[in-house]
Amino acid sequence: MQEGKKRNVLTVIVLLIVLIGGAWFFAGNLKTSVTGPVRIGVIHPFTGDAAVYGEPMLRVLNLAAEKINAEGGIDGYPIEFVVEDGKCDGTAAANAAQKLVNIDKVEVIIGGFCSGEALAAEPITTAAGVALFSSSASNPKLSGISPLFVRNYPSDSSQGVVLADAAIANGMRKIAVLQEQTDYAAGIYEVFDAQIQENGGTTHKEEYTTDSYDFRTSIAKLQAERPDGLFVIANSPVSAERIFKQLKEMGWESSLLVSDVIAGDPTLVATHADLLEGAYAAEFGVDDNNPKFREVIDAYSAKYMTEPPFQAYVQTGYDAVFLIAEAIKEVGYDGEKIAAWLRDVESWQGASGTLTINSNGDPEVGHRLEVIKSGKIEVVGE
Amino acid sequence: MEYFLHLAILFSIFAILAISLQLIVGYTGLLSVAHAGFYGIGAYIVALLLKNAGMNFFPALLLGALGSMLVAFLIGIVLSRFRDDYYALGSLGFGVIAFSILLNWQELTRGPLGIPGIPRPELFGFEFSSNLSYLLLSFILLGAVYAFSRFLTLSSFGRALQAIREDEEALSVFGYRTSWFKLAVFVIGAGMAGIAGGLFASYITYIDPGSFNVTESIFILSLIILGGLGSLRGAVVGALVLILLPEALRFVGFTPDIAAQMRQVVYGVLLIVLMLYRPQGLMGKYKL
Amino acid sequence: MNAITTERLRKTFGGVAAVDDLSIVIQKGKIIGIIGPNGSGKTTLTNVLTGIHRMDGGVVVVGKKERTRIKSCEVFGLGLTRTFQNVRVFEQVSVLDNVLIAITKKGVLGSLFERASAAQIQNADAVLARVGLTEKRDALAAELSYGQRKLLEIARALATDAEIILFDEPYAGLFPEMVKRVSGIMQELKAEGKTVILIEHDMALIRELCDHVLVMDAGKLLAEGTPEAVLSNPSVIEAYLGV
Amino acid sequence: MDIAAQLTVNSLIAGSLYALVAMSFNLIFGATRFFNLAHGALATVGAYGTFYVGVVLGLPLSVAVAGGVLTAALAGYALERLVFRPLRARKASNLVLLIASLGILIAVEAILAIFFTSQFKTLSVLTGAAQTIHIGSAVITHVQLTMFASAVLVCGTLWLVLSKTSFGRAIRAVSDDAEVAKIVGINTNVIIAALFVIGSAIVGLSGVLYGLDTGIEPRLGFMLLLKGVIAAIVGGIGNVYGGFLGAFLVGFAENFGIWFISGEWKEAIAFGLLVLFLVFRPQGILGKKHT
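In order, the protein sequences belong to chains C, B, Y and D. Note that the working numbering has the first sequence beginning at 1, numbered continuously upward. Note that the working numbering has the second sequence beginning at 383, numbered continuously upward. Note that the working numbering has the third sequence beginning at 671, numbered continuously upward. Note that the working numbering has the fourth sequence beginning at 914, numbered continuously upward.
Read the hints as simulated data drawn from the structure, not as lab findings. Be a bit skeptical, because a hint or two may be false.
Said to hold, decoys possible - Below, a sample of chain C positions facing chain B; criterion: calculated Cβ distance under 7 Å:
| id | residue |
| --- | --- |
| 1 | T91 |
| 2 | A94 |
| 3 | A120 |
| 4 | D183 |
| 5 | N290 |
| 6 | P291 |
As the list claims (entries may be wrong) - Lysine to any residue pairs mimicking SDA-like chemistry, simulated, CA-CA at most 25 Å apart:
| id | chain 1 | residue 1 | chain 2 | residue 2 |
| --- | --- | --- | --- | --- |
| 7 | C | K205 | B | W487 |
| 8 | C | K248 | D | A1062 |
| 9 | C | K292 | C | K329 |
| 10 | D | K1034 | C | K292 |
| 11 | D | K1004 | Y | A809 |
| 12 | C | K248 | D | K1004 |
| 13 | C | K99 | B | W487 |
As the list claims (entries may be wrong) - Quick look at which bits of chain B chain Y covers, simulated, 3 or more residues with Cβ under 8 Å:
| id | segment |
| --- | --- |
| 14 | 589 to 596 |
| 15 | 600 to 608 |
| 16 | 646 to 656 |
Virtual Cβ for every residue (Gly too), placed ideally from N, Cα, C.
The task is simple: from the sequences and hints, build the whole structure.
Here is the structure:
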């Protein structure tokens, strides 16, 4: 009885080794070749706070793909998206990247929407020779992170500097900061803080996790510092909404600075018009007169009966699909070649204007200063 | 094929977690909800040693396990004084505190930003970069953990653990320092969870504290309750079923968001129904 | 020679003394009965002696050691073991393992690398045979009848090979033939030179078995002596009838 | 020191919320003696009940609040009848009851997420713009003031009911010893069912108030439950008034704790307090010592 059991176990182990070893050998000799639809991976947030971006951005990507497919696709083959939920969270994004790279075998991925997603996915895609193209991740650490990473949304190094300069110019020396604990928000803070200190100012920071609901004590602590201004760096309008409500309840008085995702949500800005009166923001701006930009906004409005939110991301997301499609047409379905082509883009005309990618894989554009007046965004100096 | 490998690797990691928690909960009757904490400590130690110190995976894994064990020892000194509900609450307290430290000791852990780009293991110039080789590694570790746990449960030590579960006070009259046994099994289980954490970190290549919170502890607990308390095989079966379940739900055609919630509904209902009709789980011998 | 002596031993619960400055002597190698009405402190005394409750005052001398505090895990080392009034076997553990618990190594490290040896199992089987549970050897203790569990507890206590064995109402719920077997075991233990402490309500059994009887009432020693002397003592009768 | 005033107010607000959870938790625990994690789910049920009645159906605030509280009470009764009573009848151990209640918590949260999505939602449609009151340099909104009033009112009412009515005496009898209570002719199942209804209504109210103050999402009950259970243990498990005291202790510890250390550690403070109590005073502030 005992002996028989041992033999069984041994047989199973040997079988397992043979099976796994065999499969390993054959797996190494397999190669994916493209003979059908062109598959592009997408890692965007569809659950959690940042889900407010996921759905509209996916619509934008689909609008672009529909247009390309209607015009003949890529060498006759249509574009297909393989969509994964990155949850604006590193673990989910890493899982999604693993799946897209190993199981779906895509050669190019659009994402992550959040900086945290992009930072977590990048090592995986780079190791697999897959191109990662983000149309929204703005953390400065992503600059030049890998030859296989490209983005057409500017780094927050410019957002932080623009806002810090505006603060200093308006006589703010002591600035309170309420920062969400995400890569995006941390990136902006780092640049902002450095620029403020360089100009002789100081910052007092309180951080909060994405699932925080009670900011009262943090606000009270910041209030007690008697700052000249408060910089709210939220990763999504959802936590900003909670913060604004409590700021108002606690009678916050000094002027505000807000991160670009807040300025990019017209409903949020309109709802809190009185609190945000005179607040500064720095956004990667949109150009209403650009015909390609009008094209996507109109197509979206026609199809979904509403103007898209976060239009700064709409323009880059729309462009991303066209850029990738062009790259595949030029160099074929190969991650390394696609990335190389994308990093060479120069004076390309799209919905986000004229795009040139520099040696860091970043676009040669920056953020512009805006001010909120009676619930509307106004560009400063225009 | 690749998809199957992915699931098989996740299964091995969770089977190790389930087996290690089985020793604590199923054999010794200590309802610990701190397990994800040790899983996380192992993951973070391995990730930091690999990424910042450039250490080889295997010594790092050993240090990860030892680190988890050291923390478990310090916590266990306090925790071993409790039993039943109070043990559960105490471990909940420590689990949340461990999570808070992973989240807020930002100089070391980068807090909620997590650690990206953790390298895969390497042995004598061979890199476990393919999922197949990684699966082999995970299976070997799972086998080792299973064999060790089996050895443990068949020993006099294992018999004493079960007696603690049944009646700690009565056992002490027979000369057993029960709190030392509770401490020992807690530390051993934590070491195994640390190994699972190291495997997870190097496989996913990215970790953040969110993977190691109380909800994760509860998930591991539901693996062994489903599989059956007091049975190592039950722990493995529980891990298998609950890893495959969400895939089955996705197969049925739910959207990812709904599927994630449906999975939770199924866990919840499963726990209720099991408690009502089969409190010993699928394969367990022992009733709570 | 005395097996156990207590001096002014005290245990209170919420201000009420369950054992009230009790000083007794348990002689070695005898069967000592402890009787008394419900709530007189017999079980509390057992629990204090075996470290289940911490004593609030007084001294206990076991063998040569004087103690003001007894931890339950030290009791085994003092050569003392017990059964419980409300059976406390390890329910979801096999009958054999219940007995092996008392035989195998007790230290964390020692037990980790020990598997029950053939000799240990033989020893356990012998004890099971002695109480008549051989057939139930591989069953879970939870599957036993109440009486069988009592026998299992006795087996577990016998397996420790302790010098002093405390039986807390071992006869309650036993069938007549089991009663006979247990009485036989007690007499064997006495013959082996061991000390038996028997808490019991059945006066016939006390008369039959005990060499010496202690009567407790309200945590104090009411009387002591031979069974005949004690059971004819008017104050004992009064305490029992509660006049 | 104007920050101290605001922190005191913040502590009282947090404490009031925890007090509602802890008192109702202890009320039920006293009679059933198990850690009912489903209690947290009922806070979520109450909050979503109010959301449904007030926002989806568009009925006025008072109806919405009543609707939320009532839904929670009914749900609590249903759980007692469908899950807990059958388990008690089977003489299930505390751990079995605990795990079953954990299953309920997980399932209810997920079901709410399926119906209402897991997104954060505000109830400000119902309350309108927050009206505030200034107390010295501190600020408090009407909703928050209501929280504090509710906590005090519930505590007072429970005291009246428990100590002055025959129903209260029956509850105390069941809490002291369910077996004895049965023998003297008290129908323990009826008493326990009534406690579930009352307790669930109170915890439902906490969820509703929390929702009106900050907003709702399916996991709010879990957070409230953790804090509530800590407060219940710190105050003395099974003791209603202990829950009240413990809640304010937790509220003050959390809010004044992060005055000195950074706000991220708020969670750790509450649980640190729990561990301290478990080690040094496991019976809690008002609990009786067990041996």
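Hints, verified against the model:
For T91 of chain C, the interface hint holds, since its Cβ comes within 7 Å of a Cβ in chain B; the closest pair sits about 5 Å apart. For the restraint placing A94 of chain C at the interface with chain B, the shortest Cβ-Cβ distance is roughly 4 Å, inside the 7 Å limit, so the hint holds. Hint on A120 of chain C holds. Least Cβ distance to chain B is approximately 4 Å, under the 7 Å limit. The criterion of a C-beta within 7 Å of any C-beta in chain B is met by D183 of chain C, whose closest approach is roughly 5 Å, and the hint holds.
For N290 of chain C, the suggested interface contact is broken, since its CB lies about 34 Å from the closest CB of chain B, more than 7 Å. Look at P291 of chain C: its Cβ only gets to about 35 Å from chain B, farther than 7 Å, so that hint breaks. Taking the CA atoms of K205 of chain C and W487 of chain B, the gap is about 16 Å. The hint holds against a cut of 25 Å. A distance of roughly 23 Å separates the Cα atoms of K248 of chain C and A1062 of chain D; the hinted pair therefore holds under the 25 Å criterion.
For the suggested pair K292 of chain C and K329 of chain C, the alpha carbons sit about 21 Å apart, so the restraint of at most 25 Å is met. Of the supplied pair hints, the one linking K1034 of chain D and K292 of chain C is violated, its CA atoms being roughly 35 Å apart against a limit of 25 Å. Between K1004 of chain D and A809 of chain Y the alpha-carbon distance is near 23 Å, which keeps this suggested pair within the 25 Å criterion. A hinted pair counts as satisfied when its Cα atoms are at most 25 Å apart, and K248 of chain C with K1004 of chain D does not qualify at roughly 53 Å.
At roughly 31 Å between alpha-carbon atoms, K99 of chain C and W487 of chain B are farther apart than 25 Å, so this suggested pair is violated. Figure legend: the segment 589 to 596 of chain B, annotated as covered by chain Y; annotation inconsistent (0 residues with Cβ-Cβ distances under 8 Å, at least 3 required). Proximity of the segment 600 to 608 of chain B to chain Y, defined as three or more residues with a beta carbon under 8 Å from a beta carbon of that chain, is not established by the 0 residues found. With 0 residues carrying a beta carbon less than 8 Å from a beta carbon of chain Y, the segment 646 to 656 of chain B misses the three-residue requirement, and the given coverage is violated.
Against the hints set out earlier in the document, violations occur for numbers 5, 6, 10, 12, 13, 14, 15 and 16.
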